[in-house]
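Taken in order, these protein sequences are the chains called C and W. Start counting the first sequence at -1; every next residue gets the next number (this note's numbering). Start counting the second sequence at 1039; every next residue gets the next number (this note's numbering).
Treat each hint with caution, since some may be false.
[Claimed, not checked] Here are the computed lysine-lysine pairs in the DSS-like style, where the Cα-Cα straight-line distance is at most 30 Å:
(1) C:Lys266 <-> W:Lys1074
(2) C:Lys266 <-> W:Lys1275
(3) W:Lys1074 <-> W:Lys1101
(4) W:Lys1229 <-> C:Lys363
[Claimed, not checked] Simulated coverage check for chain W against chain C, where a stretch passes if three residues somewhere in it have a Cβ under 8 Å from a Cβ of chain C:
(5) 1236 to 1249
(6) 1262 to 1273
(7) 1319 to 1326
(8) 1340 to 1351
These are computed hints drawn from the structure, not numbers from a lab. Cβ atoms here follow ideal geometry from the backbone N, Cα and C, with glycine treated the same way.
Given next are the chains, with one letter for each unit.
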Amino acid sequence: MDIKALAEKYKDYIIEKRRWFHQYPELSMQEENTTNAIVKELEAIGIPVKRFDGIYGCVGELKGGRPGKTILLRADIDALPVTEQTGLPFASKNEGRMHACGHDCHIAMLLGTAKILYEGKEELAGMVRFFFQPGEEIALGAKAAIGQGVMEHVDTCFGMHVWSQLRSPYFNIEYGERMASCDSFTLTVFGEAAHGASPHLGRDAIVAASSIIMNLQAISSRMKDPLGALVVTIGTMNGGQNYNIIPDRVQLEGTVRTFNREFQDSMKGRILEIAENTARCYGCTVDLQYNCLTIPIVNDNQELLRICKNAAVKLFGADTLSNMKRLTSSEDFSFLMDQAPGIFGYLGSCHPEIPGSEYSNHHEKFTVDEEILHRGSAITAQYTIDFLEENQTGNDTEHGIRT
Amino acid sequence: MDIKKLAEKHNEYIIKQRWYFHQNPELSFQETETTKVLKEQLEEMGIPVITFPDYNGLIGVIKGGKPGKTVMLRSDIDALPIEEHSGEEFAAVNGKMHACGHDCHMAVLLGAAKILMDVKAEIQGEVRLLFQAAEESGHGAVYYIEHGILDDVDAIFGLHIWGTLDAPKFNLESGPRMASGDKFKITVTGKSAHGSAPHLGHDAIVAAASIVMNVQTFVSRVSDPLDTLVVNIGTVKGGQLWNIIPNHVEFEGIMRTYSRQLRSSLEDTMRKIVCGTAEALGCAAEFEYMPLTAPVINDQEDLNRIAVNAAISLYGEESLSGMARLTCSEDFSKFAEKIPGFFGFLGCRNESIGAIYPNHSDKFKVDEEGLHRGAALYAQFAVDYLNEKAGDN
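Extracted from the complex, chain C is given alone in its bound form (with noise of 0.2 Å):
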């Protein structure tokens, strides 16, 4: 099978596509025109698909000729609250909306890479599993669709992101850390108020509350392995009621971001631990509402890796791969490569004859360079096939989603 023909042949149809989703952006767990026009195209293509309950999103399911292994490829389909200035003719016509992260081109590589293996059936040894994933920009998706069982009977799991810092066509499949977790926490610092005049007679929070900031800095600099990376952000600082009053009340909201797992479960502890300890000394109490969004991506299997490199070679040759920093930013795809083992991977998007695709992912200008979008379904298509001979069975497990 000429998975690098196909691709070709169905490139018109990707960016048709892609242009189409571009223009009707939606909000996270708001995908509903998304949602169906997706099923419309895998039904087309004769693909069964099935729905979640009470979410979006959905998985389009294809039983290959030959027994085997089930793989799943994720596309995310949410937009942004922005407002695009981008100028395109096909840009965004719901007012406040945009695909600004390439959520579109993802949706629209997945429908290509289904008409790609849908060709090629028959020579399948598995099971491939289309997810289109809602609500990915607010780590809700990924969580609610393995409640619904998306990842039941899933062997292996496959992501893909266009992106903007790395130049087009390049693809990036890398070993090790390469997206952060993302906490999110409310610490509020309880004192008590009394005269401006009279500090001994109240509890001040707003030094109670700095006392505990500076001494959350120490988890960075003394308490992680100096080796991994650690962010700690308190973005927001409010409280008190008058400058004559001795404040009894600040609260501070904030994020942790790790490569490191067990760090990040570590991190509630902690912050627990320094904010209360902090806050005893001054008479005060604190309350800390912490919430895990997503856990970080990891490439750790070498297997894995050595397939997809092998795949996006194949097609497009040695230099092809090019190999980008870790990122800071998040992805709940990770929660699916917590239930299986999975790999990430980056489709450069940046092109200089591209005006425009310089701008960063999230940008209300961010585009992309259209020429990449079928070799991001070609590569995806390739990897599945050769993941699929190489984990051959024999025998065919039963699967197939619950819902």
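Got chain C; can you put chain W on it based on the hints?
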């Protein structure tokens, strides 16, 4: 000259005036009717007045029969935006209240004016009666000083009615009596960045927290441990979103002390700590200092002595009572920064009549037994001061 007797003679007048002012409170900078009535009262006594074309309050001028120095007696005249719940039959019903006793101050000083007019021929010099507007604002005194009313005045005396001091005791202690109060605002400016990329920004919240902590050393390490200093950061507001490196934090606060010397160093020391800390963390800070009131310090030995002796000569040693210095403020201090001054307190607390609430309470109530004594003290102080200083020059 029996000032004690004269004060008793005018007792009824004093209480009547107090009731009138209590029923007709006016807020700071709005004391137009109050000023008008005060003018009428003084002119009725035959006292010429100095008024101000664009400002409330006034000065009555009593020229004694003999030459000498000039002493100023001061009363404030403004009320507070408090709904009165004192239960008095003459309570105000306009949502404003003389909850700090300035109604008493006016009545007492009018009483003193009557006494002084009775003994005018014997006075060795000049007495000026200042009825000051907008004390509660913290800067009501500035206008008068800028208009030169202290230029030919040798000393100033003020008396405050006080809710935690038993009536009709005087408190006439030397030393620091009321704290200074100076507002400040700190603005910390950093550089924002994505919350996951602190190295690309300058975190204004960490800088601000560091400033708060470092400011604590002003009290603990920089100022004299014998001096009282309170630095209160009362509000903090900063950042945009949990996930963005914050680029802006604002604080508001107030500093209080009893030391003039320490007060004069507040702005410099704070600015050094604030701006230095911010700079160390890659941010910039602005320290805005808004001086409001100086401390009230009775540091003129002669005035302290004259005040205490005046009270003793009128009502004996037992009329005096001790009282801890107060952490609140008075803009009388602005006058006392320019010329020698003395500031005392007159007790109005009396449990048996329910006068147990502090000044500024909506239930603030006054034992009026002390009011004529206050008038007597004003008059006696003026007479004794002018007598003692008559030979100088």
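Query raised in the report: Checking C-beta pairs, does the segment 1262 to 1273 of chain W have three or more residues closer than 8 Å to chain C?
Result: That given contact holds, which follows from 5 residues of the segment 1262 to 1273 of chain W lying within Cβ reach (below 8 Å) of chain C.
Requested in this report: Tell me if chain C covers the segment 1236 to 1249 of chain W under the three-residue, 8 Å CB rule, please?
Outcome: Our answer is that it holds, as 8 residues pass the Cβ test (under 8 Å) against chain C, meeting three.
Query raised in the report: Holds or violated: Lys266 of chain C with Lys1275 of chain W, Cα cutoff 30 Å?
Result: 25 Å, holds
Report task. Take the C-alpha atoms of Lys1074 of chain W and Lys1101 of chain W, compute the straight-line distance between them, and say whether it is at most 30 Å. Result -> Holds: Lys1074 of chain W and Lys1101 of chain W sit about 22 Å apart, inside 30 Å.
Query raised in the report: Three or more residues of the segment 1319 to 1326 of chain W near chain C by CB distance under 8 Å?
Result: violated (count 0)
Report task. Sort out whether Lys1074 of chain W lies within 30 Å of Lys266 of chain C, counting only the CA atoms. Result -> 67 Å, violated
**Report entry** Verdict on chain C covering the segment 1340 to 1351 of chain W, where coverage means 3 or more residues with a C-beta closer than 8 Å
**Finding:** violated (count 0)
Query raised in the report: Does the structure keep Lys1229 of chain W and Lys363 of chain C at a Cα separation of 30 Å or less?
Result: Holds, because 22 Å separates the two Cα atoms, which is no more than 30 Å.
Of the numbered hints stated above, those contradicted by the structure are hints 1, 7, 8, listed in ascending order.
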